[in-house]
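Chain residues, written in single-letter form:
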Amino acid sequence: MFEDTIAAISTAIGESGIALIRMSGSRSEEILQAAFSPHSPTQAIQKKESHRLLLGWIIDANGVKLDEVLVSLMRAPHSYTGETVAEINCHGGYQATTACLNRCLELGARLALPGEFTQRAFLNGRLDITQAEALMEIIHAKSQKGLSIAVEQLHGRLRIKLEEIEDLFTQLQGMILASMDFPDDVGDLDESEARTIIHRIQQEFDRLVRISDQTDIYRNGVQLVICGKPNVGKSSLLNYLLNQEKAIVTNIPGTTRDVIEDFIHIQGIPVKIMDTAGIRETDETVEKIGVQKTFDAISQADVRIFLVDAESGITEEDRQIAQILQGKPNVLLFVNKMDTSHPQITESDLYGPFAEFQHLFGSVRSGIGIEALESAIVQFVQQEQLMQDDLEIITNVRQKQLLKKCCAQIREIENLLNDASLDCLAVEVDTALLYLGQLSGRDLAEETLDRIFRDFCIGK
Amino acid sequence: MFYTAGTYDVIVVGGGHAGCEAALAAARMGCKTLLLTLNITDVALMPCNPSIGGPAKAQLVREIDALGGEMAKNIDKTNIQMRMINTGKGPAVQSLRAQADKQEYQNEMRRTLFTQENLDVAMAEAETILLENQKIQGVTTKTGAVYSSRALVLTTGTFLKGRIIIGDLAYPGGPGNQFPSLHLSDSLVDLGLTIGRFKTGTPPRIDRKTVDFSKMIEQKGDPEPLTFSFISPKPQREQLSCWLTHSNPQTHRIVLDNLDRAPLFTGVIQGKGPRYCPSFEDKVVRFSHKNEHQLFVEPEGRETDEMYVQGLNTSLPEDVQLQVLRSIAGLEHVRMIRTGYAIEYDYVLPYQLKRSLETRAIPGLFTAGQINGTSGYEEAAAQGLIAGINAAQYALGREPFILKRSEAYIGVLIDDLVSKNLDEPYRLLTSRAEYRLLLRQDNADLRLTEKGRALGLVDDERWNFYQAKKERLEDCRQQLKTTFAFPSDPTIDALLKEKNSSPLHERISLWNLLQRPEINLEDYQNHNLFACEDEQVVEQLQIQSKYEGYIHKQEEQVRHFEKMENRMLPTDLDYDAILGLANEARQRLKEVRPESIGQAFRLAGVNPADIQVLLIELEKRRRKKS
Ligand SMILES: Cc1cc2nc3c(=O)[nH]c(=O)nc-3n(C[C@H](O)[C@H](O)[C@H](O)COP(=O)(O)OP(=O)(O)OC[C@H]3O[C@@H](n4cnc5c(N)ncnc54)[C@H](O)[C@@H]3O)c2cc1C
Ligand SMILES: Nc1nc2c(ncn2[C@@H]2O[C@H](COP(=O)(O)OP(=O)(O)OP(=O)(O)O)[C@@H](O)[C@H]2O)c(=O)[nH]1
Ligand SMILES: [Mg+2]
Numbered sequence: 001m002f003e004d005t006i007a008a009i010s011t012a013i014g015e016s017g018i019a020l021i022r023m024s025g026s027r028s029e030e031i032l033q034a035a036f037s038p039h040s041p042t043q044a045i046q047k048k049e050s051h052r053l054l055l056g057w058i059i060d061a062n063g064v065k066l067d068e069v070l071v072s073l074m075r076a077p078h079s080y081t082g083e084t085v086a087e088i089n090c091h092g093g094y095q096a097t098t099a100c101l102n103r104c105l106e107l108g109a110r111l112a113l114p115g116e117f118t119q120r121a122f123l124n125g126r127l128d129i130t131q132a133e134a135l136m137e138i139i140h141a142k143s144q145k146g147l148s149i150a151v152e153q154l155h156g157r158l159r160i161k162l163e164e165i166e167d168l169f170t171q172l173q174g175m176i177l178a179s180m181d182f183p184d185d186v187g188d189l190d191e192s193e194a195r196t197i198i199h200r201i202q203q204e205f206d207r208l209v210r211i212s213d214q215t216d217i218y219r220n221g222v223q224l225v226i227c228g229k230p231n232v233g234k235s236s237l238l239n240y241l242l243n244q245e246k247a248i249v250t251n252i253p254g255t256t257r258d259v260i261e262d263f264i265h266i267q268g269i270p271v272k273i274m275d276t277a278g279i280r281e282t283d284e285t286v287e288k289i290g291v292q293k294t295f296d297a298i299s300q301a302d303v304r305i306f307l308v309d310a311e312s313g314i315t316e317e318d319r320q321i322a323q324i325l326q327g328k329p330n331v332l333l334f335v336n337k338m339d340t341s342h343p344q345i346t347e348s349d350l351y352g353p354f355a356e357f358q359h360l361f362g363s364v365r366s367g368i369g370i371e372a373l374e375s376a377i378v379q380f381v382q383q384e385q386l387m388q389d390d391l392e393i394i395t396n397v398r399q400k401q402l403l404k405k406c407c408a409q410i411r412e413i414e415n416l417l418n419d420a421s422l423d424c425l426a427v428e429v430d431t432a433l434l435y436l437g438q439l440s441g442r443d444l445a446e447e448t449l450d451r452i453f454r455d456f457c458i459g460k
Numbered sequence: 001m002f003y004t005a006g007t008y009d010v011i012v013v014g015g016g017h018a019g020c021e022a023a024l025a026a027a028r029m030g031c032k033t034l035l036l037t038l039n040i041t042d043v044a045l046m047p048c049n050p051s052i053g054g055p056a057k058a059q060l061v062r063e064i065d066a067l068g069g070e071m072a073k074n075i076d077k078t079n080i081q082m083r084m085i086n087t088g089k090g091p092a093v094q095s096l097r098a099q100a101d102k103q104e105y106q107n108e109m110r111r112t113l114f115t116q117e118n119l120d121v122a123m124a125e126a127e128t129i130l131l132e133n134q135k136i137q138g139v140t141t142k143t144g145a146v147y148s149s150r151a152l153v154l155t156t157g158t159f160l161k162g163r164i165i166i167g168d169l170a171y172p173g174g175p176g177n178q179f180p181s182l183h184l185s186d187s188l189v190d191l192g193l194t195i196g197r198f199k200t201g202t203p204p205r206i207d208r209k210t211v212d213f214s215k216m217i218e219q220k221g222d223p224e225p226l227t228f229s230f231i232s233p234k235p236q237r238e239q240l241s242c243w244l245t246h247s248n249p250q251t252h253r254i255v256l257d258n259l260d261r262a263p264l265f266t267g268v269i270q271g272k273g274p275r276y277c278p279s280f281e282d283k284v285v286r287f288s289h290k291n292e293h294q295l296f297v298e299p300e301g302r303e304t305d306e307m308y309v310q311g312l313n314t315s316l317p318e319d320v321q322l323q324v325l326r327s328i329a330g331l332e333h334v335r336m337i338r339t340g341y342a343i344e345y346d347y348v349l350p351y352q353l354k355r356s357l358e359t360r361a362i363p364g365l366f367t368a369g370q371i372n373g374t375s376g377y378e379e380a381a382a383q384g385l386i387a388g389i390n391a392a393q394y395a396l397g398r399e400p401f402i403l404k405r406s407e408a409y410i411g412v413l414i415d416d417l418v419s420k421n422l423d424e425p426y427r428l429l430t431s432r433a434e435y436r437l438l439l440r441q442d443n444a445d446l447r448l449t450e451k452g453r454a455l456g457l458v459d460d461e462r463w464n465f466y467q468a469k470k471e472r473l474e475d476c477r478q479q480l481k482t483t484f485a486f487p488s489d490p491t492i493d494a495l496l497k498e499k500n501s502s503p504l505h506e507r508i509s510l511w512n513l514l515q516r517p518e519i520n521l522e523d524y525q526n527h528n529l530f531a532c533e534d535e536q537v538v539e540q541l542q543i544q545s546k547y548e549g550y551i552h553k554q555e556e557q558v559r560h561f562e563k564m565e566n567r568m569l570p571t572d573l574d575y576d577a578i579l580g581l582a583n584e585a586r587q588r589l590k591e592v593r594p595e596s597i598g599q600a601f602r603l604a605g606v607n608p609a610d611i612q613v614l615l616i617e618l619e620k621r622r623r624k625k626s
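Residue numbers (the numbering used here), protein chains in the order written: chain A, 1 to 460; chain B, 1 to 626.
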């Protein structure tokens, strides 16, 4: 634990401003090299060079830019910890900063424990003993607090989920170990049963990852697109939600030509909202480009609001749009202008391609049905019905890292089930149990042993 | 009246599996050694099952052998059956198991003890441990002898305040109707050691002549039996079979009808028993949905009609035991020779020991075997060997000999013992060894022979054998790595076709080609691509090549592990004075006094933050010193 490379965000994360990620250890340089793409050759990390500020981007494994950053490398021993230290100044908010941190972890760094940078500084002779005494108190205080938070986080539905996974895992490892240690009583491993358990574990993990992605929504926001034929009231809805006359509203079909974006919060969730050009067949160049942009926005968005007009009734154009939206997730059909004297749309008109969409009736002009619309949006976003305390735990970077490692490990185990011998398989399951144990803070190796004696009748 | 009876470097109390190894090791290392035991005819007694080896235990036996111990050679000479079990589950868990001729095993061991140079054997009950300046001075016997020694090894097994329980009957006794040892544990308490109480049990023995084997399934030994010792000659003896039968609902009804007379359920038995060998009554109650339990009927030797009923460990009253037996297929007319019983005994809580098996409280006092809360012949023998070695090292003024978890199952066993809170008798399992792909039974000699040689336990015969094997292994490995198979080579083509293996696209070393699951060294030999007569070498090459990836992975883990292991914690560390430790961690650290940062990390209740604090403390001390 004292030879590896550690990383952490070392400034408080704000909504905006600059955040600092710090890395310390022998692999810092290698990791930074892999994560960093310089603006220009002059900004590249040079061998032997130290303490120079370089401009560029942090890129992911596919070379996609995560954030524009300033980085610097402080070579050992001339750094705060006495080891090679890399610092990354991100400018994005939470999302960009955690993305950059995650990239470092992905490349092999480990998330630092509280006080660990200072500890290394001391162990490498960069601090004196009085400073170290103070440090011990800090570590103590922080870890006690960390512990109690970790424990508090572990309740609710997520705790139950984790326990279910633990249970499946110990059952699996129990089967393997029992077959190894008590062959007379237990016989060979039942591979099809093992496979069933592995699949169930995978399902549960996938769900957890899904939940954890969804909690990201609270940090990163969702993208919501408003679409429909011209003149149904799309721009009016945008303005209503923004509470501001952002988009031009006229009764001329084809008013909006471009995608108009802005940010709002719906029940605490940040939402990037996009008003689009009305979709219709057109030969006009500008409008044509606008419609194409609308299609792009529709495919990118997390939630799609599909407006139809009660004044005009369902038209052929609506039917075409419905077909485009068919099969896409999270479509909400909003029947607008129900305030008109003779609305042309009722429940019975919403058949055919419209039948699969969840729908609401209302009026933007008179503010009817908008609250229901907002609730429906939130529901789309959180299909897993998260509780408040579930949110904390999986937004925690450390736990997410472990969750991902577990997932990768179980995939590995599934691949090995046919090929590897039992002794090797057991070693892989051990590794998965270790990650899982770190996630939930429990010693699963001991629990597995208990499990063997509970599940199998063993004895002389 | 007390009299002075002799002076030794090392005294070993107890002639069980632990005691025999301890005494032999100390004597072989050149120490003047005395073995004291209650009954000279009962040395190396197997009070329970007549078998040695099996998962994790076979690894221990081979490690004992590599270090120059006796158990492997002894069972090789005296077995009545050999079987490799767990074949097909991988080399790390594959393990050899022998059925023993119990009497012969004891006779052979007794002969070895008596012919050992530097070793005296005496029949006596040790009663009081003598100290001088808080260090071992010697021991007194019931009959008044005072023996002096520098080091003392206690290996008294299940004898300390032993209490036998059969149904409603309970009386003081040792295993196999021997006398218990009533005073020695009081002497330990007087020395300030903490004592606990465990229980274990054994099934009834039956008369071979009254068993109907036609109703049972025969289990033969391997057609080509192997040996435990790396240097034993190929076995030539005739093998005996074991027999499989099952209990049935009627058997279970008899047990359930008599639970009011079962001491386990009436509270007569207080000591904690092992989960991995529950009594038969326990199994019937806990697994009530099972209509049958398997039972193995095993011969206890060639010269006896006694047979052991594996699976029927019980402390039910004698009359109920008989009814239970006679309800089983093949045993309808059986006669019982020995009644099954449970035994309760005192043990020393092993966290009071160092990894050398020396007690922390009394320099020169070592304990090994079941007295440390373990169960099993092999576990006892392994500890006996280590305690004997370290008693000798102590007497000779040398550094203790310690095996790490990454080096041997013996290391895992002892590290677990001194670090864990035992709540049942400890048995070694392959699942307890995290580096099990490295700690295989097949490579115990490669791991440990050199260490044994350095200690003076490996004689020239073993040493020469080992060196020759190692050289051959290295040569063959180089040969395989530097000989290449080419895509167009007709020999290779023929071989691949024959094994249904895909054709080559580029040249590949024979070593790498061996990593294909369907290709074996035998195939090379058949096609004259490779030649090696040494079976041990062939096995080694095969495993090393096929498991290369996994082995590298575990070696990497071990490198990481050893860094923590090599940061030693000073013995005089005042944990109360260290700021920043969590209370639970402080408590455990004070109790166990781990020897290294690595061991500290394995203690329940010690968290990464506590380890950080310890590291800082170490650095502080280092700086204050310099
Ligand atoms: C009923 C029973 C059932 C068991 N079942 C199993 C099982 O199923 N599987 C398994 O693996 N293990 C089992 N064991 C345990 C196994 O037998 C022991 O773990 C192993 O034999 C212990 O070896 P040891 O050398 O520590 O002690 P022992 O073999 O018990 O030897 C103790 C020695 O100490 C001597 N001694 C004791 N006190 C004194 C004294 N004061 N002075 C001088 N000498 C003394 C005795 O004479 C004896 O020679 C069982 C044991 C018993 C008794
Ligand atoms: N009666 C009624 N009229 C509405 C309502 N919502 C919007 N309108 C009117 O419908 C007309 C079109 O509104 P817009 O918001 O510009 O429609 P749009 O969908 O953005 O149109 P394009 O940008 O041309 O595609 C305007 O005259 C609005 O005042 C409503 O709820 N009821
Ligand atoms: Mg518009």
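Think of the hints as simulated: they come from the structure by calculation, not from any bench.
Be a bit skeptical, because a hint or two may be false.
As the list claims (entries may be wrong) - Only part of the chain B face toward chain A is listed, based on derived beta-carbon distances under 10 Å: (1) P55; (2) A92; (3) K220; (4) P223; (5) P225; (6) L429; (7) R432; (8) F486; (9) S488; (10) P490; (11) T491; (12) E617; (13) K624.
Only a predicted model underlies this, so the values are computations on that prediction, with no experimental measurement involved.
Note that beta-carbon positions come from the ideal geometry of N, C-alpha and C, so glycine has one too.
Quick rundown of the hints versus the structure:
| no. | hint | verdict |
| --- | --- | --- |
| 1 | P55 | holds (5 Å) |
| 2 | A92 | holds (4 Å) |
| 3 | K220 | violated (15 Å) |
| 4 | P223 | violated (19 Å) |
| 5 | P225 | violated (18 Å) |
| 6 | L429 | holds (5 Å) |
| 7 | R432 | holds (8 Å) |
| 8 | F486 | violated (27 Å) |
| 9 | S488 | violated (29 Å) |
| 10 | P490 | violated (30 Å) |
| 11 | T491 | violated (27 Å) |
| 12 | E617 | holds (8 Å) |
| 13 | K624 | holds (8 Å) |
Of the numbered hints given earlier, the model fails hints 3, 4, 5, 8, 9, 10 and 11; all others are met.
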